[in-house]
Amino acid sequence: MSDTRQQPAPVVQLQDVSLHYGKVRALDGISLDIPAGCMVGMIGPDGVGKSSLLSLVAGARAVQAGKVEALGGDMSSKQHRDDVCPRIAYMPQGLGKNLYPTLSVEENLQFFGRLFGHDAQERRRRIDDLTRSTGLHKFLDRPAGKLSGGMKQKLGLCCALIHDPDLLILDEPTTGVDPLARAQFWDLIDRIRQERSSMSVIVATAYMDEAQRFDWLVAMDDGQVLATGTPQELLERTGSTSLETAFIALLPEEKKQGHQEVTIPPLPEGDGSDADIAIEAKDLTMRFGDFVAVDHVSFRIRRGEIFGFLGSNGCGKSTTMKMLTGLLPASEGQAWLFGREIDSKDIDTRRRVGYMSQAFSLYTELTVRQNLVLHARLFHVPAADIPARVDEMVQRFDLEESLDSLPDSLPLGIRQRLSLAVAMVHKPELLILDEPTSGVDPVARDNFWRLLIELSRRDRVTIFISTHFMNEAERCDRMSLMHAGKVLVSDTPANIVARRNADTLEQAFIDYLVEAGGGGTGVSTSTGPAQQTNHATPDIPQSSHQPPHRFFSFNRMFSYLWREMLELQRDPVRGGLALAGSILLMFVMGFGISMDVEDLTYAVLDRDQTTLSQNYALNLSGSRYFIEQPPIQDYQELDKRMRSGELSLAIEIPSGFARDVQRGSKAEIGAWVNGAMPQRAETVQGYVQGMHQQWLQQQAQERLGVTVASAATIETRYRYNPDVLSLPAMVPAVIPLLLLMLPAMLSALSVVREKELGSIINLYVTPVTRTEFLLGKQLPYVALAMLNFLLMVLLAVTVFDVPVKGSFATLALAAFLYCIVATGIGLLASTFTRSQIAALFFTMIASIVPAVQFAGMLNPVSSLEGAGRIVGEIYPTTYMLIITRGVFSKALDFSDLYASFWPLLVAIPVILVMTILLLKKQDK
Amino acid sequence: MRHLANIYRLGVKELWSLIRDPIMLILIGYTFTLMIYSSATAVPETLHNAPIAIVDEDASPLSARIISAFYPPHFSTPPLITQSQIDPGMDAGEYTFALHIPPDFQRDVLAGKSPALQLNVDATRMSQAFSGNRYIQEIVLTEVNEFVQRYRSATELPVELSLRMRFNPSLIQAWFGAMNEIINNITMLSIILTGAALIREREHGTIEHLLVMPVTPTEIMLAKVWSMALVVLVASTCSLVFVVEGLLKVPIQGSIGLFLLGTTLHLFATTSMGIFMATLARNMPQFGMLMILTLLPLQMLSGGLTPRESMPEFVQNIMLLAPTTHFVELGQAILFRGAGLDVVWGSFLALLLIGTVLFIVSLTRFRNTISRMA
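The listed protein sequences correspond, in order, to chains Y and S.
According to the numbering used here, the first sequence is numbered sequentially starting from 1023.
According to the numbering used here, the second sequence is numbered sequentially starting from 3.
There may be inaccurate statements among the hints.
Said to hold, decoys possible - Now the in silico label distances, taken between C-beta atoms and shown as ranges:
1. Y:Asp1945 with S:Asp89: 53 to 61 Å
2. Y:Leu1601 with S:Leu355: 33 to 41 Å
3. Y:Ala1831 with S:Glu247: 54 to 62 Å
4. S:Leu27 with Y:Pro1676: 51 to 59 Å
5. S:Pro104 with Y:Gln1636: 38 to 46 Å
6. Y:Lys1100 with S:Glu247: 29 to 37 Å
7. S:Asn370 with Y:Asp1426: 16 to 24 Å
Derived from the structure by calculation, the hints contain no laboratory data.
Source: prediction; values computed, not measured.
All residues carry an ideal CB built from backbone N, CA and C; glycine is no exception.
Can you make the complete structure from the sequences, with help from the hints?
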């Protein structure tokens, strides 16, 4: 295995390295020495452990078992990682995974430059150098998300190279990029290596044909190393002509089982008549706004033909396919399936077409059998035929063993076969396959192709397939090359090669792309050697070494802060939520949480009908709390009107009421209160009793001329809110709640978003510390929350008419501290959630529940018991509530409230330290 | 016929998807059991441990009697403070109530001078202020009257007021809390489930798959509507029977069948809303934010939490357009007050109307956006 040539010390050494994700084993005891100063390729299909290995070497992922040494030190030591991370550059898998799509090219580069501690001048020089040499200079203002795949990868490379690393790690940098951009990318790498000969480069790739140009290869499969050596050595050892066949030869026996070369019987000549045409498209065009995704595409495909579509990501392949299936109505042009014009409403044509989309898109919640049956039913295969049909598909596509498994538990190759089986279950005459084999290993890919060929030749099924693998394109009967929405050429693969006098299909395509101005990035010029010298290649002084790693760098924190602000500024949804959301919710809560008991509806059932009984009723109607409804006639009506909720209160005055009162014998007035809402019923109860007492006193005075004074009276002084109105009580309580909930949610999302999108990798592999990362993330949201606070206070004073009676400065200071706490809570939540939706709900529960229930919003903390009391005592909202109520309603200032500032001040460092401890500087 | 078959098949598929989604199942289980139980029992009775302080400048047997009348659970055991401590104590929020007994109180009472006690109430704490004030008045006056009675016979008042609480005779908070929570959860879950069912398809790319099959958008939408509505309906019935009636022993006044019929109408409206919101949101987080901004207003302003009549007129009128307003109305009428169809038919009609409009609007939007989702 150790095949190292005479080299200085290897740049990376692995000893017995293993890695598990849950139960899945990604790496299985790998020992490997990677030579320094050369270009090393990791080859193998997706999911064999290449990316895991690279992320371990880059220090992005924590070492679980074994020993990883890079640049002369142990990568499990934090000290060593801090020391070498400025010397390692890591470009993760996926187009622009570590870039920020809403930021422009310039801003992305500035961000990375700041992280590595360059000053403004140095950054300018490096950015100009790098972008000039990669042809990105013209696009400095373009958002990264709007770059083409090839340009994104170039930008990723620039970002990786901005700190002139000694070890460059590239994980599948060319996947999904068109052949021309791919060729340009490798030229660029070669040029950079000429400049910096000491730099080691490790590249992972799934394209075997690319690996030919590397100095040294590591072939991997199933978490293990199959072989290492120069490409030449590997070819010789296996006696193959191409690396792909060499790789298959290196695979263990059981994997190769049944593998044989794919052979394609010739397509029988058709009669050329219209009946023989399966698909025809004429000037098919698709526009999204100004953007032309597909531009006047025309073709004719014969029955039983395998027709290939080749092109980079975003060139319009998928859009064309969607127009053919009727998923997207064409903006212009026409297409026919079996002679019938495509109409998205035409249900019958759909039954003749099978479609398999780019990603695996079957129901992962249904078993293999359920998926097959469901699709058979939806395609209206007669119920009696379904079991037989499902069996047939299972046999043909070899799915017996996994019949009752869920698709998620199956290997990619089998899932691919299942997708095809599902697309075939209704025996369509046309199959439309959108990149069906991406990510599948070569053996499974060959098996898949044998099935396709059988379908085409034996069953005369027309197959329309898109791919970005050259050797797959070669197997098609005819093919089209698409670029930027246009078909550049359409012919048999052999003719295309011949027409261009090229050696390979790839070469022919690059030719066509150059002709179409496909470089498009200004880099096409770099293919000419004359111009190459004009490019100021990054002449970075080799001696310029990084300053020693410091514990806290304002510059790095500022880098994150500035980035976060830009992103926030460009994301209307989040910004909108932050500002409009708080205002909307403040309105809702201000009006919705009302404790006012007013306008109570009541009616009287007066069986007495005397002046006295009417006088009693009149007493009620004079109150501002009650609204009289038409009188009640009988018990039945009373019952019905109370059930409907029309009446909150019903008064019954018995017959003979006046007489009994005159006689001085006991009379009893009945009052029914709607008790459905207990709290409200209690208030009503109090009102009615009060009115009754008042009436009695009034009567006594009128009739007997005496004042029936009670033994003592109680003067109630409602303080701070003399009219006992809901709004002045609610508004100061709502502000702390909203000021907690929304900022916490936003800051939580900001970190989890990076986790979901993958740019969190920048925390793992750049020198930024957790404190810098967190503070940089937090401060923009504190600013936003303060803006929120000002808006809410403004709203309170103007719309709700609740004045700030006390010291505004005190309130603002408290709000500032509280905003730091609130955003801190969000960041804390984001450290242990992985998806945005989880972060959203977790933060909501962790903020609303304690704030509403335990912080004294409705019931004072001192009224609580047990755990609720403890939460209430330590939760910051408790103290913020005291301060807002104090300032708004009680006209207090700092000298009265300073005691409540302490808990807020203590909470800030506590939360920050907890977050730092929980946040991982490496992926696990 | 073929349409019906498709709608049925696709709906069954939704049910399978739900069964295999443990997080959603836990959410459903939690909302209809624990959440209802906890919100029924966690709501404290109106007056619980209300903090009160007393300034006793009389130091007489009567004042001692009054002080000893305040004890848990309604009130905290009152600390005795001086008059100068009232203001800082209330400013700091230590007490909601401060009762001041003036000097010579007992003497004045016995002399028939009807002296006045002063009660300071922190009116920023609305919920305690009102009912606490009433309790304190009652307690103090009872004590004073009993004290006085030992010295002279009281004058009997000629007319009595007999107060009866209908539907919840002893005003137990749990009854209200439990039923209100059921009503809220029905709305919340139906929107989450249907919205999530659509977004899940979109995120997994399966919507694309459906679209190339011989099924129409209407069928896809109806399938989601019926299946998710069924889940919520079954879950809420179980919860009503086992948790609310069984565990919490809340007597349900009206007919559960009628309530479920109303729920069905409501679900028709809310599931359509879920679909509509899922077409607006591009992913789960956006859907989550949208949910928060729609559900909170719906729950707070439709009369479940606080009665509609305490809201400003324009809010009341706007909320007439929301299905929840009518659902809360019919739910409270049937569950709390035992109303029959003769009483609640108006809400049924309103729900049907709103549901139809929402369904048509969402269907139109769904049709227009579905191709862009793929």
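For each hint, the structure was consulted:
1. Y:Asp1945 with S:Asp89: 53 to 61 Å: 57 Å, holds
2. Y:Leu1601 with S:Leu355: 33 to 41 Å: 35 Å, holds
3. Y:Ala1831 with S:Glu247: 54 to 62 Å: Since the Cβ atoms of Ala1831 of chain Y and Glu247 of chain S sit about 55 Å apart, the hinted range of 54 to 62 Å holds.
4. S:Leu27 with Y:Pro1676: 51 to 59 Å: Holds - the Cβ-Cβ distance for Leu27 of chain S and Pro1676 of chain Y, about 57 Å, lies within 51 to 59 Å.
5. S:Pro104 with Y:Gln1636: 38 to 46 Å: With Cβ atoms ~41 Å apart, the hint holds.
6. Y:Lys1100 with S:Glu247: 29 to 37 Å: 59 Å, violated
7. S:Asn370 with Y:Asp1426: 16 to 24 Å: Violated - the Cβ-Cβ distance for Asn370 of chain S and Asp1426 of chain Y, about 39 Å, lies outside 16 to 24 Å.
When held up to the earlier numbered hints, the structure conflicts with 6, 7 and fits the remainder.
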